[in-house]
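Visitor: This is what each chain is made of:
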Amino acid sequence: MSVLLGAVAYDPKVVTIWDGFRSWLRESGVDFDYVLYSNYERQVADLVDGRVDVAWNSPLAWVRARRLAASRGVPLTPVTMRDTDCDLRSVIVVRADSSVRSVGELAGHIVATGAVDSPQATLLPLSLLRAAGLDPEADVAVRRFDIGVGLHGDHIGGERDAARALFAADPADRVDAACMIDSNLLLFGREGTLPAGSVRVLAQTPPYDHCTMTAHGGASPDVAHFGKLLLGMDYANAELRPLLDLEGLKQWRPPRLSGYAQLERAVDEAGFYDANGAVTAAGYRP
Amino acid sequence: MPAVDLAGLGLDEGGHLLLARALAGLSPGERLTVTGRHPALRLHLGAWCRAHGHQLASGDDLTVVRGDAGDRRWAGAVRAGAAAGVPEPRADQGWGLAARGALVEAGGPPLGAHWSQREHVWADIAPQLYAAAAASQWDPATAVDWPAPAASGPVDGVPDEVERAVVQLMTYLVENEQAALIIPARLLSQLHPHYREVMQLLASQAADEARHVEVFTRRALLSGGPLGTSSAGGRASLQTLLDEPDFTTASFLLSVLGEGTFLDLLRFIADHAPDQVTADVTRLAGRDEARHVAFGVSHTAHLAAADKSYLGTLRQAVERRHSALQDTAGLNAEVFDSLVLLAAGSWSPEAISRGWRAVRDLQSRMDEGRRRRLAYIGFPDDEAAELSALHTRNFM
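Those protein sequences? They're chains X and E, same order as listed.
Each residue of the first sequence is one higher than the last, beginning at 1 in the numbering used here.
Each residue of the second sequence is one higher than the last, beginning at 1001 in the numbering used here.
In case anyone wonders, no lab produced these hints; they're calculated from the structure.
We treat Cβ as the ideally placed atom computed from N, Cα and C, and that holds for glycine.
Don't take each hint at face value.
[Claimed, not checked] Each pair of labels, with its calculated beta carbon distance range:
1. E:1203 x X:228: 49 to 59 Å
2. X:35 x E:1306: 54 to 64 Å
3. E:1017 x X:9: 33 to 43 Å
4. E:1060 x X:45: 21 to 31 Å
5. X:96 x E:1203: 47 to 57 Å
6. X:70 x E:1060: 49 to 59 Å
7. E:1033 x X:264: 54 to 64 Å
8. X:35 x E:1060: 39 to 49 Å
Start from the sequences, fold in the hints, and give me the full structure.
Guide: Here's what the structure looks like:
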């Protein structure tokens, strides 16, 4: 019974998390190990090639893995996701006193986004602009905050810098709108990056899903057992709770694939990947 | 259905407190209706519920379904003993730094405190002694009538040779007080904070010694001359105290035997002090040392009363220290001579003879004091006399 998982090292805490899970899983009878990747693109390639049994994928990584695997006839099996991965929304905010009242009115304005490969702070919000008839390449000036490129927006820094740029002291640095995920809207408010009442939500996406764990091939008994153990992790367990807190969940949930249609569309609109999962985004080098 | 109205409050400005308070009164699975005017309330609620294990139900109304993550977090929590009364016989390392009596969430790093059993560290008198220590702290700057700083030079009315004796004694006292500071500080760092009053007492003891180091140093420098000598034998004696690994034997050797002996020494210096500052600093230090001795004696007696065989361990500690110091000079000869001169007051043969007798009487009072404390701890008189005789010649 052995499982090798791939995860992206978006933060040093990833080592703590998976070391801790590894101990617990091994005690529970799974010969588990993990490898860390510096970016999601290489992890996806290795998942589809079968170099790892399962990959802890960002939503964008899932979109690419699905396309790449389908083009090669490789089956993939969803394993699990976090309770916190379900029904997220992204928002576009403007300063509370902004004259901009609708997404369409952003034409000719500067819109700050997260990193080029951030689903929540770039791809999905820019899709909102397109839905309102704006071409992000031509009708608005997109100012990207490329922090942690290759991490698919797991690094919060780009979103925070985009939010700060709304209130930049130097007019040359100031932006008219900023894109972020709902939880960061709340976080930036509470930490004072965006003081309460300082911004107005101009638009929000419908709910979508975030990370998902994916296995290479059909459901092997080893992976099925591994998935069952994850689903059984109890937040009341004092050994696991700090790890679950670090990973940002209270419990693992059975996977669902219904929450990625928006992102699939946004990826196509932006030409980020082609239908076969090749990276086609201009200037994207993880 | 239970409801909460957040009025205009967002969850980024405290609204979550009202929400959490309302949810606390519900059981997992129960629903709470939320109303409010904040424009981003639905977005805030969605993000907040996800992060806290609740669910924002779909629909036009804002309805939160209470999750059970909070209950699960506290499911294995325990109280770190009772806040009032005698502390627990064993302090759990998992309680960590939690206050005695606090509700402690399971998990978190264990403390790794070496002294975590009551019988190893406790004395029933510790709370009263700590209260006394806290009430008796004194300010070295004002508790002693220091001469004006400009007056550095001969101390008023003190003959030069007697002043040199005082400086030598102060030099010796500083060295001893430094050892007496390090030992409780070291024990403190290994003590489980569940035994709070002992921790506080040891902290005040270390603070006491810090003041003693200050006032003795200041007195030594009063006449502007160089300090006295530090002998290898004296330092070897103190080093054996620092090397003692056990809480109770360290406390026994330092406080019962060492500081107990020092009570007589400090009183002797105060009684024969040639100036007010010397009298004041030794009297103030003696008052503090009496508390240290009281804790050492009652803690050791507490342990020996519970386990008679512990007297054997204490005896071995004294014998071990004696044999370690057998080939050293013990007390710095210049310290002994200084005591004689201090009591003599001058170099005349009659005065020296008087001083000699006074120091001999001091040594016999020290011996009586040690025997009395050893007997209180539980040693039979003959054994107390024998152990007292084995005590270091360095006094501390």
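Visitor: Quick one: which hint numbers does this structure break? Sort them smallest to largest.
Guide: Going through the list in order, the structure violates hints 4, 6 and 7 and respects the others.
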